[in-house]
Amino acid sequence: MAEGGSALRGAYLSTEGGWRKLPEWAVWFVRAGGWAAELSEAGDSAVVALSVPAREYAAVLLALGSVDRTSWTAQSRAERELGFEQAWVLPAGTCVRIVPADFPGAGKRAYSGLFLRAVENHHGKVYELSGRPGPGGRPGMVSWFPADRYRIQTLPWPDQPGDYTDRNRFSEETGAPGGASGLLTGPLDEYYRHCSLDCVLVGVVSTVLAEAQEVAAAPGCPGLSLQELMRLRGVHSPGNHYRSVVLSSRSDPEEIRDPVRSRKPAVAVLDGAATVRRWMAASLAEVTMAVVERTSPSAVAAADALYANRARRQADLPMPAGLVRALPAGVEALAWRTRRRQW
Amino acid sequence: MLDADGVYQRADAEIAEQPVRHSGVSTFMHAASQLLRAVGESEGSDLWRQSCAEIRRARWLIGTVPLPLNSGALGLRETAEALAGRARVIERVADRGLLRQFDAVADALRNLGRERENPLARGVMKYLESPGAGSVLVVVTSRAHQDDAVAAFTALRCPVDVGTARDLAGTCVYGAAVVVGPVGWLPPGVLNAPRASRIGLVHYDFYREPQDVWPLFGEGPVRRGRMPSRIIRRPSLLLGGAQGLRAGIPEASETPELTGFDVLSLAGEAVAGLPADVLEQPAPGAHERVAAQAAQLADGSFVLLPRDAGVQKVLLVEADDEGRPAVEAVDAATVTIGDAVVLRGGSYYQSLVERADAALGEDALMLREIQRAWKAQLRDRVARHRDGVHGVAADLKSQGATTANLGYWTGPWCIRTRLKADFTVVMRYLGRGDEADHAWDALGRIDHAHRSAGRNYAEVVQRAVSGGTWETLQSDQWCDISLDDTEAGARVVLIDVLLPGQLTVPVHYLCRLRSPEVP
Chain A
1 MAEGGSALRG AYLSTEGGWR KLPEWAVWFV RAGGWAAELS EAGDSAVVAL SVPAREYAAV
61 LLALGSVDRT SWTAQSRAER ELGFEQAWVL PAGTCVRIVP ADFPGAGKRA YSGLFLRAVE
121 NHHGKVYELS GRPGPGGRPG MVSWFPADRY RIQTLPWPDQ PGDYTDRNRF SEETGAPGGA
181 SGLLTGPLDE YYRHCSLDCV LVGVVSTVLA EAQEVAAAPG CPGLSLQELM RLRGVHSPGN
241 HYRSVVLSSR SDPEEIRDPV RSRKPAVAVL DGAATVRRWM AASLAEVTMA VVERTSPSAV
301 AAADALYANR ARRQADLPMP AGLVRALPAG VEALAWRTRR RQW
Chain B
1 MLDADGVYQR ADAEIAEQPV RHSGVSTFMH AASQLLRAVG ESEGSDLWRQ SCAEIRRARW
61 LIGTVPLPLN SGALGLRETA EALAGRARVI ERVADRGLLR QFDAVADALR NLGRERENPL
121 ARGVMKYLES PGAGSVLVVV TSRAHQDDAV AAFTALRCPV DVGTARDLAG TCVYGAAVVV
181 GPVGWLPPGV LNAPRASRIG LVHYDFYREP QDVWPLFGEG PVRRGRMPSR IIRRPSLLLG
241 GAQGLRAGIP EASETPELTG FDVLSLAGEA VAGLPADVLE QPAPGAHERV AAQAAQLADG
301 SFVLLPRDAG VQKVLLVEAD DEGRPAVEAV DAATVTIGDA VVLRGGSYYQ SLVERADAAL
361 GEDALMLREI QRAWKAQLRD RVARHRDGVH GVAADLKSQG ATTANLGYWT GPWCIRTRLK
421 ADFTVVMRYL GRGDEADHAW DALGRIDHAH RSAGRNYAEV VQRAVSGGTW ETLQSDQWCD
481 ISLDDTEAGA RVVLIDVLLP GQLTVPVHYL CRLRSPEVP
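Order-wise, the sequence lines are chains A and B.
Numbering follows our numbering, with no gaps: position 340 of the first sequence is 340.
Numbering follows our numbering, with no gaps: position 329 of the second sequence is 329.
Don't take every hint at face value.
To be verified - Chain A stretches covered by chain B per the calculated footprint, using a threshold of three residues with CB under 8 Å from any CB of chain B: (1) 314-326; (2) 331-340.
What the hints assert, rightly or not - Here are the computed lysine to aspartate or glutamate pairs in the EDC-like style, where the Cα-Cα straight-line distance is at most 20 Å: (3) B/K375 with B/D441; (4) A/K21 with B/D3; (5) B/K397 with B/D387; (6) B/K313 with A/E254; (7) B/K313 with A/D252.
To be verified - A short list of chain A residues far from chain B (calculated; beta carbon distances all over 12 Å): (8) G5; (9) E38; (10) E41; (11) A54; (12) Y57; (13) E85; (14) V89; (15) L90; (16) P91; (17) A92; (18) F145; (19) D148; (20) S249; (21) R278; (22) M280; (23) E293.
To be clear, the hints were calculated from the coordinates, so they are not data collected in a lab.
Computed from a prediction, not measured in an experiment: that's the story for all the values here.
Cβ atoms here follow ideal geometry from the backbone N, Cα and C, with glycine treated the same way.
Excised from the complex, chain B in its bound form:
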């Protein structure tokens, strides 16, 4: 309980904002924003897609990672060369105005790549100049660059701990915590439930200024204990000499600042590894899409989790009453920061279907056809009915169905209805009443195969997760386990951060381990 007491002691922290301005970074950021806005919808076209993705990634890295600008981990020079090369390739085809802006962006990036300055780290040190006791934590957006950041701060003779926002969500407390990067992506609770006596927000000054700290209960006669409410704004730290500006680029002060939309899209860049077609408009008849949220994992990779309950299950590793790791299948929408989940690179659902089919043997094709057919017919009836889903549901209820969960029944992962009586009603409604019994038994075989495959998987994982795994999890936040039924193993990893912004993706992208592609 004393750990929790430490949190309550710091409940009324002082929060200050330290903006940083570097002329070269400002030039690049504004040029990049202008280009991306000008390209607009053509960003999805083959001509611009790759370049824009690389520009967005560079923008994200510069804005959030406190490393020297010429550092190899950021790779700004390589990106600038790649962009320049691509400009020559598309010279004949692309619009002149866009090409000019594109060249400006590549130039600005190349200049940046030569800089030895580390603006964000200097901002952190400026913030830490104000007196205060206790340990210091610098919070970065991703663990991928954690080691490099520690080295960079040590080189500047400012030894600090480097962590992620998840370190500010537990009961560990610090003397000071400095958050690097745009404030818009900050997970909830960092500001209104502080874990340090003072919190600094260090970011480039062209990001939208943070609002004051909001409490959770906004309306009504709320009684509040002492909590942070204001953010002290300090003057900007000015860095970098005047860079030569290409003709045609307006002064940094005239260009509009980045909007909130840009900040959210920066968070979306963190899952830049998704193939482009996922983000396009869904074609009719394509895989069903669901609302999803991206989560960053403790080993630097990502996973997409569904927002709504009932879509998919994922395996969770938790300590049971005796402190041993226990594996449980839980609804993927209920997992949250700090949970350890078991993920594989491939789709869990797809591998479940494959293993169930393997168990069903030769009958698999015939049984799957029965599964597909009744649902396709039902979908058809919904499409043709005058009142759509509600009309069909009303019809079924009037013919004796106790439930009419059409959304689930016509979805891809439903095998059969829960009650046999309802299924008979549906089959009669589709004009196939005499087949109802046979189909019910056939679908029951699929259901049984799915459950066994699912149970087996959980058992296999449970066998693989042992006491040693648990210790590794506590210290490293992730570890690989080998499963005895496949060659590829699985990874148990903690969820670090849930990224803001809503995505809509096909179901089979959910709950798979995704690594960002390294250019």
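Isolated chain A, as found in the complex:
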């Protein structure tokens, strides 16, 4: 893709006073997120530290930019789709997602739930998902899907069996929402088919999800919320297609580090000075972007944590000239290459 091909380019924002052009600084954050994803793809381990005058929206836009850029090479990151023989040996109780084979088709739906078994019966080869247990603990209604018309994907963390037990399987529409083509730059069918963890955002969950409700639109296209574009989810929100996950900054970094790292996200975005201070050492992904708002009382402590990390750097990392030229007023940026961790 040409330099400058980033999500939300030329987009408009829905406001109370009508449609307004997306501010320049917002576009910059999306591009910066894209750059971080490029670094990750190139195999670099890096930290990008940004100091901003206001925390709002920076992290969400960075995450959107990185998820969009990662989708250019989505194939290698997506969960493998299993064939019938592999599904045969899949243990019951695994979280899975069942996607129509001729994706995307109008009116097609994808289903997620707990895998029961792959079996050959009078319908032919089918996959079965368990349903909610009936009254008196009797086994619930089972959903079945013909194996020749559906593909099966396993769902590792953040989906956990505990979130699916005692519930019927979830279903949702498949396919890219209208208007996404003007706002995202990667192959859309691929993007909206597979679930993968491309970006981890750590911050205050309710604030992040609220910020993701901003509606953007390309000229002449219907509007979409940022969440629809970046497919952000919380940890205990099963049943939907996702590409990025938001973690609460108040959770314990020690506990959550291993499951996150096992998914190998491309970029981790730490939203806010307090989050940076607490999570800088956690190293959730190869490339970490730290957003520190200067009005926070933890700003200096967060800057100390960042400089302590920088002291162990391999080398400073120059930013691309295009990003430097467009640097918004009030934003400071510093990037460095770190040693690769043994995954």
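Mind docking chain B on chain A? Use the hints.
Showing chain B alone in chain A's frame:
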């Protein structure tokens, strides 16, 4: 997103400093500084403690509140009378030189209390003379005097909004913001992340001049967008006629200016309500002390928050995904400006212990003794071991413990170790291996009682916090709630400012609502 855009539009604000000089205020401030330096360590003694506290408070109020000097809210005349009265009381006992200085201070204060001038407000108006559009916010240090300040500015025919530094930390933007008071206490981000197109700093000229604006990332090849870097210094505004100077007071220009230490101690005066023994040297065997920070709350009171994680939890009220208020217990070191916390006048931890004891009934005494005993023994072993904490930790690890978190285990709020295996190792190490199981179960009862009491409290608060509370919080920044298990309720209040300076206080002073004592 447009609100955030307003902030980015003002990212490159012009910052100017408008010093003010009032001869009477200068006389008082220098006399007071001289006295406090001369008194020195005796400030803690019974002879001087009360007087010095009142002088510090007067100094703080004069330097930060833009009210007429003879205003009742400042109470300078009353303070001067009280000081004069105390001078007569200690006449026989105190040192002559100090007494002379003390009299000078009381005199200067009495003269000030007769002045009708409002020097800081005049400084604000002088700053605002320069042209500029948009709304004006005057920032004062505490909401306690907010209404009086609004009235004072209206009387001077200069209608402005009055707020605190927290109003400059959100996404509200202004045409101009004027900060009143010494610059040393300014919270971070006011200058390098401005919320107004122009920012004025109005203060008395004997405060240390502000440094230029520092960016957050100082070292390395940092790329920076446009940001304020210089502060324009304007000439001082001179006010007040020549006051009669008592013999013995040097000219104001010869006395050294207030140092940074004085400015920080002024911030410490804001928590003048703390009893004196808190700030003394801790006696051996006394309550454990932790590093703490004072925070000013939106209703004018204060709270002490721990600096380090893992010390104490506090209840936070936040909006959940659907906009309803939800109560959560979070680590007190992670709360920050703008968070709404639930506080009571008494110590939360102490009330937790009381409620847990009530739940344990008659066994409470016996169980608490078990809790106290194993920790006291462990502390003893640490004290006697040649290598102290590290030695004991190494011993425990070599005997099979997976962790040896001795700092926490010997602290006052630990009940038992996290893993039973570790606890067995510790008990064997203390020579009481056969009691390990019994003690573990006993401590488990205490732990369970604590958790239920803590959960209950959070549930009780959650029930009390409803949609109406949330609206009141948004408009007034604080509100009282009544809890169904006690007579005294609790208060949900937003944190306004975190004051600079580090304090070391006993644990039970943390997370309690404190009001400054009114003299």
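Hints versus structure:
1. For the region 314-326 of chain A, the stated coverage by chain B holds: 4 residues have a C-beta nearer than 8 Å to a C-beta of that chain, and at least 3 were required.
2. Residue count for the region 331-340 of chain A with a Cβ under 8 Å from a Cβ of chain B: 5. That meets the three needed, and the coverage hint holds.
3. Our distance criterion of 20 Å between C-alpha atoms is met by B/K375 and B/D441, whose separation comes to about 16 Å.
4. Distance restraint check for A/K21 and B/D3: the Cα-Cα separation of roughly 14 Å lies within the 20 Å cut-off, and the hinted pair is therefore satisfied.
5. Distance restraint check for B/K397 and B/D387: the Cα-Cα separation of roughly 14 Å lies within the 20 Å cut-off, and the hinted pair is therefore satisfied.
6. Distance check on the hinted pair: B/K313 and A/E254 sit about 19 Å apart at the alpha-carbon level, within 20 Å; holds.
7. Restraint check for B/K313 and A/D252: the C-alpha separation of about 15 Å stays at or below 20 Å, so the hint holds.
8. Chain B leaves A/G5 outside its interface by the beta-carbon criterion, the shortest separation being 22 Å against a cut-off of 12 Å.
9. Listed as outside the interface, A/E38 is consistent with that label: its C-beta sits roughly 17 Å from the nearest C-beta of chain B, beyond the 12 Å cut-off.
10. For A/E41, the non-interface assignment is confirmed: its Cβ lies about 22 Å from the closest Cβ of chain B, beyond the 12 Å cut-off.
11. Not every beta carbon of chain B lies more than 12 Å from that of A/A54, the smallest distance being close to 4 Å; the non-interface claim is violated.
12. A cut-off of 12 Å between C-beta atoms contradicts the statement that A/Y57 is not in contact with chain B; the least separation is 6 Å.
13. At the 12 Å boundary, the C-beta of A/E85 stays outside the reach of chain B, the nearest C-beta of that chain being 42 Å off.
14. Taking the minimum C-beta to C-beta distance to chain B, about 36 Å, the non-interface status of A/V89 holds against the 12 Å cut.
15. Distance check on A/L90: its Cβ is at least 33 Å (rounded) from any Cβ of chain B, clearing the 12 Å threshold; non-interface status holds.
16. Residue-level check passed: A/P91 sits 30 Å from the nearest beta carbon of chain B, beyond 12 Å.
17. With 12 Å as the threshold on Cβ separation, the claim that A/A92 sits away from chain B holds: the shortest Cβ distance comes to roughly 32 Å.
18. Its beta-carbon lying about 31 Å from the closest one in chain B, A/F145 satisfies the requirement of being farther than 12 Å from that chain.
19. Every beta carbon of chain B lies more than 12 Å from that of A/D148, the smallest distance being close to 40 Å; the non-interface claim holds.
20. A beta-carbon of chain B comes within 12 Å of the beta-carbon of A/S249; the shortest separation is about 8 Å.
21. Distance check on A/R278: its Cβ comes as close as 7 Å (rounded) to a Cβ of chain B, failing to clear the 12 Å threshold; non-interface status is violated.
22. Against chain B, the non-interface label of A/M280 holds: every CB pair exceeds 12 Å, the least being about 14 Å.
23. Distance to chain B contradicts A/E293 as a non-interface residue, since its nearest Cβ pair spans about 7 Å, not more than 12 Å.
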